[in-house]
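Protein chains: 2
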Amino acid sequence: MARALSHFNGKPTLSLSKPNHYPPSPSSSSAHKPTTVAIAQTKSYWASIEADIEAHLRTAIPVRQPVAVFEPVRHLVLAVPKAKAPALCVAACELVGGDRAQAVVAASALRLVHSAAHAHEHLPLMDRPNHKPAIHHACGPNIELLTGDGIVPFGFELLARSVGSGQNNSDRVLRVIIEITRAIGSQGMIDGQYHELQQGARSNEEWIEHVCMKKEGELHACGAACGAILGGGSEEEIEKLRKFGLYVGMMEGMLNWVGGNEEVGLMDVVEGLRVMAIKELENLSGRNVEPISSLVEVASLCNL
Amino acid sequence: MARALSHFNGKPTLSLSKPNHYPPSPSSSSAHKPTTVAIAQTKSYWASIEADIEAHLRTAIPVRQPVAVFEPVRHLVLAVPKAKAPALCVAACELVGGDRAQAVVAASALRLVHSAAHAHEHLPLMDRPNHKPAIHHACGPNIELLTGDGIVPFGFELLARSVGSGQNNSDRVLRVIIEITRAIGSQGMIDGQYHELQQGARSNEEWIEHVCMKKEGELHACGAACGAILGGGSEEEIEKLRKFGLYVGMMEGMLNWVGGNEEVGLMDVVEGLRVMAIKELENLSGRNVEPISSLVEVASLCNL
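From first to last, the protein sequence lines stand for chains A and B. The first sequence lines up with residues 1 to 304 when you count with this note's numbering. The second sequence lines up with residues 1 to 304 when you count with this note's numbering.
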């Protein structure tokens, strides 16, 4: 893992060596098993964020003429399996003392770009191995390609339009645009997708970590950092939340790979990521980290 | 044409009825035939703009690791047939009194998004009719898809990063981001590509106009408007240059369709667009419109 993470954002961020074994953290032991109340609160918190993002998207994507273009957009955005990156954006904003409304547009933009990436990943191209789980194709490949192509600029449009008059937030919004372009661009998600295509090394754990860092990891890192930027967090808070997001995203990505021969090794790494994620939150003094920490403490146990 | 244009930007902009015949404009008659000097000046002006955009792109896209990702990006961006929209962006900026440097990043972003659209248009999808002219595919479809997907966010990143400290230009840059997202999005280029897929109506002139308005027209309109915005033009100048760009782009698009049975009718429309383009420039009082007008007066004659 150390090697995969050492180039995150171009500078070494971790000097940990590869963990051979992570002892169970106290919070996952029976002594700290989440109570029913905690589980209910967690579910309710994340569900309310998802509902707010979805409500914003439904308003932002009206079904209008040409319906043949807009209906697939809405269908795709609402049907694609949800990543946690958009919700993490909202939660990080609230953690640093920001308003939910300040982050909901960026969260929606993240949903949009993630949906487009998902659609393009499932396009039936001539040279594409059919290793992806089957998804329901509501439209032909041509329309799915165009839909993805239309969704990405729409995400940036939503963001650029979110600059409020008198809010003086244009610098933050521009920074968020840069964050998202990098997360989904050639050095982020595209790098992960590219390496995923190189199938020869599939059994290699290091390779899975790299793919998950670039695909899910950096998208979630970006989500958390954007939320902290928009909510007015300090640079230190932004970077801690970025790392928290990276670990959460990598966990999410790597859990998708569990099931093959590499299961035991991968689960060790996932547990290591969980410990490191919690560690980042410990240093956010004076902030209520309970809601966001539930993402790895409670939510992952409840499959939220 | 009136019908196709009446919904441009959501409000009627033209009340012209469809022209049955356009008399040759004075400037295209033999009395005003461009001199050799004028042709040389025009060539040199547009060539210098293209060289500046290309120099910026070569710096912005270094070939770095992973080479397998970045080499196709540079190859694609520099190999795709050039649209005039980026150069128009720079020329419009200079026309309203701005510096070339203020527009060259937006022009580069336009080159990037146009390259991505071009790459995706030529992807060999299962349900795609093979009616496009063959282009040299340097990579497999998978890499061409990813390359296009990576180029678009990179274009927006370049733009967002172009905000200069102390320049106080963030509002203009955000406006340009919105302009470009709309030009390439579901109501712009994607709409044109979608309608182009509806092949049944191919012989219909109205349909060709719509496709060309949405694809080439709005991209060039966007280019000219962005240049005027960045150069500090008035709202009136921005809108006049936007219309000029629309007509220039439609001319460029429609000339690609000439060759079939509809040739005579289309050439009438192209001549009508040329006349309307020049008319927009007549009202830009106090500005030197000569360089930009050469795009339809001289450049098109010289196939620049």
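Worth flagging that the hints you see were computed from the coordinates, not collected in a lab. Mixed in with the good hints, there may be bad ones.
[Stated by the list, open to error] Computed Cβ-Cβ distance ranges for the label pairs, DEER-style:
1. B:Asp-171 - A:Asn-256: 39 to 45 angstroms
2. A:Val-258 - B:Gly-232: 37 to 43 angstroms
3. A:Ala-55 - B:Gly-265: 47 to 53 angstroms
4. A:Glu-236 - B:Pro-62: 56 to 62 angstroms
5. A:Ala-55 - B:Ala-38: 55 to 61 angstroms
6. A:Arg-161 - B:Lys-279: 41 to 47 angstroms
7. B:Glu-54 - A:Met-267: 35 to 41 angstroms
8. B:Gly-232 - A:Pro-124: 27 to 33 angstroms
9. A:Glu-206 - B:Leu-78: 33 to 39 angstroms
10. A:Pro-124 - B:Thr-35: 51 to 57 angstroms
11. B:Ala-55 - A:Gly-265: 28 to 34 angstroms
12. A:Pro-62 - B:Gly-97: 58 to 64 angstroms
[What the hints assert, rightly or not] Stretches of chain A that chain B covers, calculated by requiring three or more beta carbons in the stretch to come under 8 angstroms of a beta carbon on chain B:
13. 89-98
14. 212-223
15. 281-287
Given the structure is predicted, the values throughout are model-derived calculations rather than measurements. Note that CB positions come from ideal geometry on N, CA and C, so glycine has one too.
Going through the hints against the structure:
Roughly 42 angstroms separates the CB atoms of B:Asp-171 and A:Asn-256, a value that falls within the hinted 39 to 45 angstroms. Between A:Val-258 and B:Gly-232 the beta carbons are some 57 angstroms apart, a value that contradicts the proposed interval 37 to 43 angstroms. Look at A:Ala-55 against B:Gly-265: about 49 angstroms separates their beta carbons, and that is inside 47 to 53 angstroms. Checking the proposed 56 to 62 angstroms range against A:Glu-236 and B:Pro-62 shows it is violated: the Cβ atoms sit about 31 angstroms from each other.
For the pair A:Ala-55 and B:Ala-38, the beta carbons lie near 59 angstroms from each other, so the given range of 55 to 61 angstroms is met. The given range of 41 to 47 angstroms is broken by A:Arg-161 and B:Lys-279, whose C-beta atoms sit roughly 32 angstroms from each other. At about 50 angstroms, the CB distance of B:Glu-54 to A:Met-267 disagrees with the hint of 35 to 41 angstroms. At roughly 48 angstroms, the beta-carbon separation of B:Gly-232 and A:Pro-124 lies outside the given 27 to 33 angstroms, and the hint is violated.
Between A:Glu-206 and B:Leu-78 the beta carbon distance is about 34 angstroms. The supplied range of 33 to 39 angstroms therefore holds. In this structure the supplied range 51 to 57 angstroms holds for A:Pro-124 paired with B:Thr-35, their Cβ-Cβ distance being about 56 angstroms. At about 49 angstroms, the CB distance of B:Ala-55 to A:Gly-265 disagrees with the hint of 28 to 34 angstroms. The hint said 58 to 64 angstroms for the Cβ distance between A:Pro-62 and B:Gly-97, and at roughly 39 angstroms that hint is violated.
Restraint check on the segment 89-98 of chain A versus chain B: 0 residues with Cβ-Cβ distances below 8 angstroms, three needed, restraint violated. Taking a C-beta to C-beta cut-off of 8 angstroms, the segment 212-223 of chain A contributes 0 residues in contact with chain B, too few for the three needed, and the coverage statement is violated. Taking a C-beta to C-beta cut-off of 8 angstroms, the segment 281-287 of chain A contributes 0 residues in contact with chain B, too few for the three needed, and the coverage statement is violated.
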